[in-house]
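Q: With these hints in hand, go ahead and build the complete structure from the sequences.
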Amino acid sequence: MTRRALLAYPFLPAFRAKLEAVCPVLGPFDPRVGSTLSPAEAAEIGVLVTLGSLTTDGAVMDRLPGLGLVCCYGSGYEGVDIAEARRRGIAVTHSPGANAAAVAEQAMALLLACVRRTVEADRIVRTTGWKRGPGGGLAPARGLAGRKLGVFGLGAIGSYIAACAAPFGPEIAYHNRAPRADVPYRYFPTLQALAEWADILMVAARADASNRHAVSRAVMRALGPEGIVVNISRGSILDEAALIDLLQKGELGAAGLDVFEHEPNVPDALKQLPQAVLTPHIGGSTVGAQAAMQDMVVSNVAAFLRGQRPLTPVPEMAGT
Numbered sequence: 006m007t008r009r010a011l012l013a014y015p016f017l018p019a020f021r022a023k024l025e026a027v028c029p030v031l032g033p034f035d036p037r038v039g040s041t042l043s044p045a046e047a048a049e050i051g052v053l054v055t056l057g058s059l060t061t062d063g064a065v066m067d068r069l070p071g072l073g074l075v076c077c078y079g080s081g082y083e084g085v086d087i088a089e090a091r092r093r094g095i096a097v098t099h100s101p102g103a104n105a106a107a108v109a110e111q112a113m114a115l116l117l118a119c120v121r122r123t124v125e126a127d128r129i130v131r132t133t134g135w136k137r138g139p140g141g142g143l144a145p146a147r148g149l150a151g152r153k154l155g156v157f158g159l160g161a162i163g164s165y166i167a168a169c170a171a172p173f174g175p176e177i178a179y180h181n182r183a184p185r186a187d188v189p190y191r192y193f194p195t196l197q198a199l200a201e202w203a204d205i206l207m208v209a210a211r212a213d214a215s216n217r218h219a220v221s222r223a224v225m226r227a228l229g230p231e232g233i234v235v236n237i238s239r240g241s242i243l244d245e246a247a248l249i250d251l252l253q254k255g256e257l258g259a260a261g262l263d264v265f266e267h268e269p270n271v272p273d274a275l276k277q278l279p280q281a282v283l284t285p286h287i288g289g290s291t292v293g294a295q296a297a298m299q300d301m302v303v304s305n306v307a308a309f310l311r312g313q314r315p316l317t318p319v320p321e322m323a324g325t
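The working numbering applies: residue 6 is where the sequence shown begins, and numbers increase by one.
These are computed hints drawn from the structure, not numbers from a lab.
What you are looking at is a predicted structure, and each value in this text was computed from that prediction instead of being measured.
Incorrect hints may appear among the rest.
Stated by the list, open to error - Straight-line alpha carbon distances no greater than 16 Å define the calculated EDC-like cross-link-like pairs of lysine to aspartate or glutamate that follow:
#1 K153 with E231
#2 K153 with E176
#3 K276 with D67
#4 K276 with D250
#5 K153 with D86
#6 K23 with D204
#7 K254 with E231
#8 K276 with E266
#9 K136 with E125
#10 K153 with D204
A: Okay, here's the thing in structure tokens:
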């Protein structure tokens, strides 16, 4: 069996060291570019360790003829052509739940920053804009108590978000591909219906080609002029141009974004909006989450090299 692993991304040295304990590692190389690997090296690659947002299609698989396993670091795998991988007998794994608590934590940080206008308040303190008296000149915030918070995607991350938000007192509902019998929250069969009910939308759905721009102009406008949208999923799931336009026109109140459509590029118009709180895709960047994702990838690679079934296959390959 081919026993080399190829890194498609410059992962942290500690992660590389963990992988090297189970097999030789090459890279980081971009597997989409054939010239980065010699034919002999390419033929020895049995495992590709990548990010879900990077493209792993038939062309990449053609360049790695010995490929048997694609390991996505993190829960997302939207860049992998699952149908083509299945046709070729290539297993695909991800790291479900490993960073769920960390990403939910970032979602709540963004939500609270939007609700309480933390960035604007910080700027007032750092400048001469602080007016005498309580509130420093800022109008009172609505807070979260009594508001309607909708979660788009009640998987591992979305469930953590709902649990974290509940003690603040909002009413919580959700939209999922299907309703869940194990949660106490109201279910809406469409995202539009959820947005029409809610004034806060937390985007935690797994992104793929089927839900590109699912958080559309109509969905965001339905939240109202005091509405808030927070996205910690993928930038592709939200119509960024429509978001900017709605914020500029005052048809949406605020946005908290940890992900963007064309990372690492963020539109200047978005950066200039004081109602937008922006962070550089740091949701899963905690020590514990990184260690958990690393260990899950290494465990999948080790199982593959022993001839065993993957431990955390993507849902489309579960049971195969």
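Q: All hints are to be evaluated individually against the structure, with a verdict given for each.
A: Checked hints:
{"no.": "1", "hint": "K153 with E231", "result": "12 Å, holds"}
{"no.": "2", "hint": "K153 with E176", "result": "5 Å, holds"}
{"no.": "3", "hint": "K276 with D67", "result": "40 Å, violated"}
{"no.": "4", "hint": "K276 with D250", "result": "13 Å, holds"}
{"no.": "5", "hint": "K153 with D86", "result": "37 Å, violated"}
{"no.": "6", "hint": "K23 with D204", "result": "44 Å, violated"}
{"no.": "7", "hint": "K254 with E231", "result": "12 Å, holds"}
{"no.": "8", "hint": "K276 with E266", "result": "14 Å, holds"}
{"no.": "9", "hint": "K136 with E125", "result": "14 Å, holds"}
{"no.": "10", "hint": "K153 with D204", "result": "6 Å, holds"}
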